[in-house]
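Asks: Based on the sequences and whatever the hints tell you, model everything.
Okay, here's what each chain looks like letter by letter:
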Amino acid sequence: MPGNTPNTSIISLGQNDPENAAKLLHNVAEELYGKNLELYREQTRLNEILLKIAEIIIAIDQDYKITLFNKRAEETFQINQKDAIGKNIDEIVKIYKGFTLEVLSANDYAFKDKTQTFEHVSIIIDDGDDSTNNELDRIYFNLQSTYVDFKDNKKEAVIALSDITHEVELDKQKDEFISIASHELKTPISIVKNNLWMLENTTKKKYSQRDLKFMNEMDYGLGRLQNIMNNLLSVSRIQQGKLTLEIQRVDIHTLTTASIEALHESAQKRGLTIHNPKELVAFAEVDPAKYQEIFENFLSNAIKYTLKGKITVLIEPIENKKFYKISVIDEGPGIPYRDYSKIFTKFGRAEEGLKIKTSEGSTGLGLYIAKQFAKHMGGDAGFTSQLGKGSTFWFTVPTKSPLKLNVNTTGTIKPQA
Amino acid sequence: MSYKLLLVEDEASLRTVYAEYLRSNGFEVLEAEDGEQATTLVANNHDIDLILLDILLPKKDGLKVLAEIRANSEYNKMKIYLATMLNNDKVIKQGFELGADGYIIKDTLNPEQLKQEILAAIEGSKKN
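Just so you know, the sequences run in chain order A and E. Numbering follows my numbering, in which position 314 of the first sequence is assigned residue number 314; successive positions increment by one, without gaps. Numbering follows my numbering, in which position 78 of the second sequence is assigned residue number 78; successive positions increment by one, without gaps.
Hint data in this document are derived by calculation from the structure and do not stem from the laboratory. Here the structure is a predicted model, which means the values were calculated and not measured. Be aware that a few hints might be false.
As the list claims (entries may be wrong) - In the EDC-like style, the derived pairs of lysine to aspartate or glutamate whose C-alpha atoms are separated by at most 20 Å in a straight line are: (1) E/Lys-90 to A/Asp-175; (2) A/Lys-186 to E/Asp-107; (3) E/Lys-59 to E/Glu-20; (4) E/Lys-90 to A/Glu-74; (5) E/Lys-4 to E/Glu-33; (6) A/Lys-193 to E/Glu-11; (7) A/Lys-154 to A/Asp-251; (8) A/Lys-151 to A/Asp-61; (9) A/Lys-342 to A/Asp-380; (10) E/Lys-93 to A/Glu-246; (11) A/Lys-278 to A/Asp-251; (12) A/Lys-193 to E/Glu-20; (13) A/Lys-204 to E/Asp-107; (14) E/Lys-90 to A/Glu-176; (15) A/Lys-193 to E/Asp-107; (16) A/Lys-204 to E/Glu-36; (17) A/Lys-389 to E/Glu-36; (18) A/Lys-304 to A/Asp-339; (19) E/Lys-115 to A/Glu-74; (20) E/Lys-79 to E/Glu-36; (21) A/Lys-310 to A/Glu-265; (22) A/Lys-193 to E/Asp-10; (23) E/Lys-4 to E/Glu-112; (24) A/Lys-205 to E/Glu-20; (25) E/Lys-90 to A/Glu-246; (26) A/Lys-52 to E/Asp-107; (27) A/Lys-186 to E/Glu-36; (28) A/Lys-193 to E/Glu-36; (29) A/Lys-71 to A/Asp-163; (30) A/Lys-94 to A/Asp-113; (31) A/Lys-205 to E/Asp-10.
Replies: Spelled out as structure tokens, the structure:
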């Protein structure tokens, strides 16, 4: 094959047999041209794929100057490839973390040892419509950054952004739907509840025990319905990052005993005794309503899952009184090890829990919400358990809240004077 | 003495229950089912002690009604409490900026508890 013949031999051949040498040279040139053309076509093809790919692909050199800017990038950032190449990526591409205004710059993701992945980054699209003070219009992406080492001391980082706006929008719509649906459902529930309350409390007629029992059941059912609505709303607020707290400095011992009092009857009905926490003055900075929601959730679970015996409530200072730890100790069936990871997740429930008759009703959201509330207030929640002996659910609250205090009266907020 | 209330609530069934209970407890109760009725009633009853104002209302929404009442200094003495179903901070905050005196979350109160809140709102302010 002529291609295998080294140049020197062509030169030496040229001296002896010029005609043959010329022919050989022509062949070599033709071969080379063919290979080049193939290479060029392959490169164009790859370029074309890279440029037209659905993901945004941007490459930068070590000075963060753009070396590649594909079609999708052009469309998204509204800038031509020609104008983008050679510019610093942070000037051309503004990427934010999630739905915040915190900027993610090349420094954060480019030329790291490992491939960097940032989920839920966004860019803001300026549609020139400032009239509404709605949320900014954004496109959401998952960002992945890796780099290529070209050996000659040149490295390029490749940044790929895949569009997840559709998923984010769907998620938002789901949360909005839950918000609206539960809000709309609250009105009719309130109507029934109030009218029932009037029947029970303002009618002159003397009801029979049987009548009263029916009314009680209705009230109980409505209470459960309200609980479910509130749980769904809480979850959707947590998911949307819209959970708000009214932090106050309160005596949690008083709050706790008030909650025990409220659930005392349901424990008694099941033949369970509740041991109150020891008298102590325990001031903590919490949202009182959320505090009681966490505690009542733990206590009502303990009541629900304990068939006989006692439930003990403890309040103790921990970590040099930085926190108070509130524990609810039951003598229920305990939680099997394989279910540990499910307990604080949404819709999670241990198998033992599933055996409890369904008329008790539960959305499986309570513990998830409780833990989120505790965390948002600057504490935490957890449990320990021994099969056949019982479980302890605990949560902690800070004595000094990391959040700002609100000064409120109960039930209503007074305006700032 | 008996206090004069204005209940602004488009949901008739909720409104009539509250109105009946409060009347039977000695309150004088005016009722409005939309924002326009509310402002008309306020204009004709300068001696209202407290307005319980729903936010989502037909014809004129609650925040607008609130702003109009607060724009007229003649009504300075009227307490205005927002009544909402949602513990929605944004709306409540807006309400306070417009001059509301407080709020209640409707679905957490039975008629008796509502009465207690109203009494506390009116009498609490008189002590100050």
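Asks: Hint by hint, say whether it matches the structure.
Replies: Checked hints:
| no. | hint | in the structure |
| --- | --- | --- |
| 1 | E/Lys-90 to A/Asp-175 | holds (17 Å) |
| 2 | A/Lys-186 to E/Asp-107 | holds (7 Å) |
| 3 | E/Lys-59 to E/Glu-20 | violated (25 Å) |
| 4 | E/Lys-90 to A/Glu-74 | violated (38 Å) |
| 5 | E/Lys-4 to E/Glu-33 | holds (17 Å) |
| 6 | A/Lys-193 to E/Glu-11 | holds (14 Å) |
| 7 | A/Lys-154 to A/Asp-251 | violated (64 Å) |
| 8 | A/Lys-151 to A/Asp-61 | holds (13 Å) |
| 9 | A/Lys-342 to A/Asp-380 | holds (17 Å) |
| 10 | E/Lys-93 to A/Glu-246 | holds (13 Å) |
| 11 | A/Lys-278 to A/Asp-251 | holds (14 Å) |
| 12 | A/Lys-193 to E/Glu-20 | holds (15 Å) |
| 13 | A/Lys-204 to E/Asp-107 | violated (25 Å) |
| 14 | E/Lys-90 to A/Glu-176 | holds (15 Å) |
| 15 | A/Lys-193 to E/Asp-107 | holds (9 Å) |
| 16 | A/Lys-204 to E/Glu-36 | violated (37 Å) |
| 17 | A/Lys-389 to E/Glu-36 | violated (63 Å) |
| 18 | A/Lys-304 to A/Asp-339 | holds (18 Å) |
| 19 | E/Lys-115 to A/Glu-74 | violated (63 Å) |
| 20 | E/Lys-79 to E/Glu-36 | holds (19 Å) |
| 21 | A/Lys-310 to A/Glu-265 | holds (14 Å) |
| 22 | A/Lys-193 to E/Asp-10 | holds (17 Å) |
| 23 | E/Lys-4 to E/Glu-112 | holds (17 Å) |
| 24 | A/Lys-205 to E/Glu-20 | holds (17 Å) |
| 25 | E/Lys-90 to A/Glu-246 | holds (14 Å) |
| 26 | A/Lys-52 to E/Asp-107 | violated (55 Å) |
| 27 | A/Lys-186 to E/Glu-36 | violated (25 Å) |
| 28 | A/Lys-193 to E/Glu-36 | violated (28 Å) |
| 29 | A/Lys-71 to A/Asp-163 | holds (14 Å) |
| 30 | A/Lys-94 to A/Asp-113 | violated (23 Å) |
| 31 | A/Lys-205 to E/Asp-10 | violated (30 Å) |
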